[in-house]
Amino acid sequence: MMMFMSSSMNAASASAEQATQKEFKLPKWKSIAGEVYTMHNWDLQYDLLAAEEFLNNMLSCGWRPVCVSRGTKFSFVPCVPGEYTCRTILTVGTYGSFDKKKAGELAELLAADGACIVPQEKTWGGQTGLIALKASSLGSFEIVSDLDSRIEEYALRKKYADSLGALFLFVGVAQLVAGIGAFLSSDVPLLTFFPLSVIWFSLAYYYYRPAPRYKKILTRLKAERDISET
Amino acid sequence: MTDKQTVLTEAAYYILLSLYEPLHGYGIMQKVAQMSGGRVQLGAGTLYGALSSLVTKGWIVEGAQYDRKKEYQISSLGHSVISNETARLAELLANGQRILRDAVEADTQADTEEG
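These protein sequence lines are chains A and B, in that order.
Under this note's numbering, the first residue of the first sequence is numbered 1, with each subsequent residue one higher.
Under this note's numbering, the first residue of the second sequence is numbered 231, with each subsequent residue one higher.
Just chain B, with the same shape it has in the complex (with noise of 0.2 Å):
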């Protein structure tokens, strides 16, 4: 079952998202620090403690293994998981324009009157 409010840590959502396409440890790392701009650099603990937890969650699956590389890939409940968080963080997003563009249009309109 999914949790609508799981909010994910920006490690789990990046490697949710790069396993759409079945990937091994360091594929997830590489395809992570590509889709980031190089900005999300992830750790091998830390890639190690998300893989084990998103498993056990079931929002990943363990698939084949090529030359002791155990290939991952998201699951159904991964999708719908990272579906709710991509939502929640669009409505973020949205309001946090939406108030920005306000507050600037009332500066600016201000200036306008003032001068």
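If we strip away everything but chain A, and leave its shape as in the complex, we get (with noise of 0.2 Å):
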């Protein structure tokens, strides 16, 4: 992205800018403050790699995160794109919690580190991961940075996918059974449970959503963990 801002572009370069923007739009701004551009995107709700990819395609086009509401309102400013890189970190403890005693530590480590964490408001359920951007020139930039630390992290996502949304997928379940039941058994209407398990079956279907796509990462990185021990 560097090379195609820059005035010595190569035909090469152009068209490999071509072919990320084709990939990657920008999002429709919803308003505009100043310089700050809000934008929401609900499909990143819970899906911490998702954000991660979609901030890092923000970045590289010029625009630096500097709020995350919701899990789905996006703040910008403008920045040099390429000139930050993003990274996420699951910050959940053993029983899928918002681990605050690790979030703080690794927030304190990341500012140590040269990295500055987006500040996460109206969190759903708690805040679930931290968002850190460190600048390019400050070099290479990964939270977990070894293959065994990048599997034990994907296998928490993926846990915490996997119990969130089979425990919703309970609730939402149980809650349409006795609502079936109630509307059998006397006069309350079935509509009075339905849109219950509705937003249950939706809060299910967002946290096991990345599910499938942590488990494709996790075999990937087991699969170069067998070749290194070979």
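Honestly, the hints are just simulated from the structure, not real lab data.
Every residue gets a Cβ at the ideal spot worked out from N, C-alpha and C, and that includes glycine.
Among the hints, a few may not be true.
Okay, the calculated beta carbon distance ranges per label pair [claimed, not checked]: (1) B/E240 / A/E35: 51 to 59 Å; (2) A/G104 / B/V237: 28 to 36 Å; (3) A/V173 / B/T239: 23 to 31 Å; (4) A/N41 / B/G268: 50 to 58 Å; (5) B/G326 / A/N41: 47 to 55 Å; (6) B/V285 / A/A174: 35 to 43 Å; (7) B/E240 / A/A178: 49 to 57 Å; (8) A/E224 / B/R328: 37 to 45 Å.
The task is to assemble the complex, starting from two chains supplied on their own in separate frames and drawing on the hints.
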């Protein structure tokens, strides 16, 4: 992208840029307040990997995230394309709840290492991940730098997506069954329960959605480890 | 109790080595980078995970806390682990060097005889 922006770009970099632009389209801005541009993206809800890819694409197009609200509302300010790299990490404990100690210690380590944390506000059900930016001029940026840690991180992400997806699916089904039971045995209208089930099913979908991609990444990483250990 | 068969990851090995003096998180990252000539750059997540695991195993201990920064130091158990691991690596290295040297010598001898 930097090559594209420079005056001495060649044909190869220009065509690569065109290909990238075809893959990634800049979102429509919802609001603009001074230098801060805001947009909504529901697809990124509870999906750290997708959020990281999206934010890196935005950074390479010259937009630096300054705040994430409710996991779906992203605010950006202009920056030099490719000036920063974005990485994310899940900050939940063994039982899937927000791990304040982990988040705090990681944020301090990242700050000491020259990275800055993108503030998140109005998070639903607690903040579950850190979004960090680091200037590309400071060198390569990885929060999880070795194969074993990467496997651990993606295993945790998959476990989190699987268990919360299953939990909300179970609650949704239970709600629906209870609703049908109440409808059949009394005059309670089915519509009293149905919308609640839809909410639970939607939550199950949103939480579970990234799990297959995490599984694919885990399989690849484990294969890499098998090769390196052979 | 020390497990003599413990195989350390590169990150864990360097972290243990760096903690012969008390260091906080970022100090460990810098020390490891310095020891490995910049080759091993520990990410914050990797370091956090490794420190939690090493503390749980009792191989390092948490020390004083200055300005919200916690210091860590190697324990006697950690010292035994790293001694065993260093001996294992030394054996690997010695065997590797011996076999490679023999192979090179055999090649040279074969070349001389052909010539």
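Are B/V285 and A/A174 spaced within 35 to 43 Å by their CB atoms? Holds, at about 40 Å.
Is 28 to 36 Å right for how far apart the beta carbons of A/G104 and B/V237 are? Holds, since A/G104 and B/V237 (Cβ atoms, about 32 Å apart) stay within the stated range.
Could one say that the CB atoms of B/E240 and A/A178 fall in the range 49 to 57 Å? Taking Cβ atoms as reference, B/E240 and A/A178 lie about 53 Å apart, which means the hint holds.
Between A/E224 and B/R328, does the C-beta distance stay in 37 to 45 Å? Violated: the Cβ-Cβ distance is about 30 Å, outside 37 to 45 Å.
Verify the CB-CB distance for B/G326 and A/N41 against the hinted window 47 to 55 Å. Since the Cβ atoms of B/G326 and A/N41 sit about 52 Å apart, the hinted range of 47 to 55 Å holds.
Range agreement (Cβ of B/T239 with Cβ of A/V173, hint 23 to 31 Å): At roughly 42 Å between Cβ atoms, B/T239 and A/V173 fall outside 23 to 31 Å, so the hint is violated.
Check the following: the C-beta atoms of B/E240 and A/E35 are separated by a distance inside 51 to 59 Å. 43 Å, violated
Take a look at whether the Cβ-Cβ distance between A/N41 and B/G268 falls inside 50 to 58 Å. 38 Å, violated
Consistency note: the structure conflicts with the earlier hints numbered 1, 3, 4, 8.
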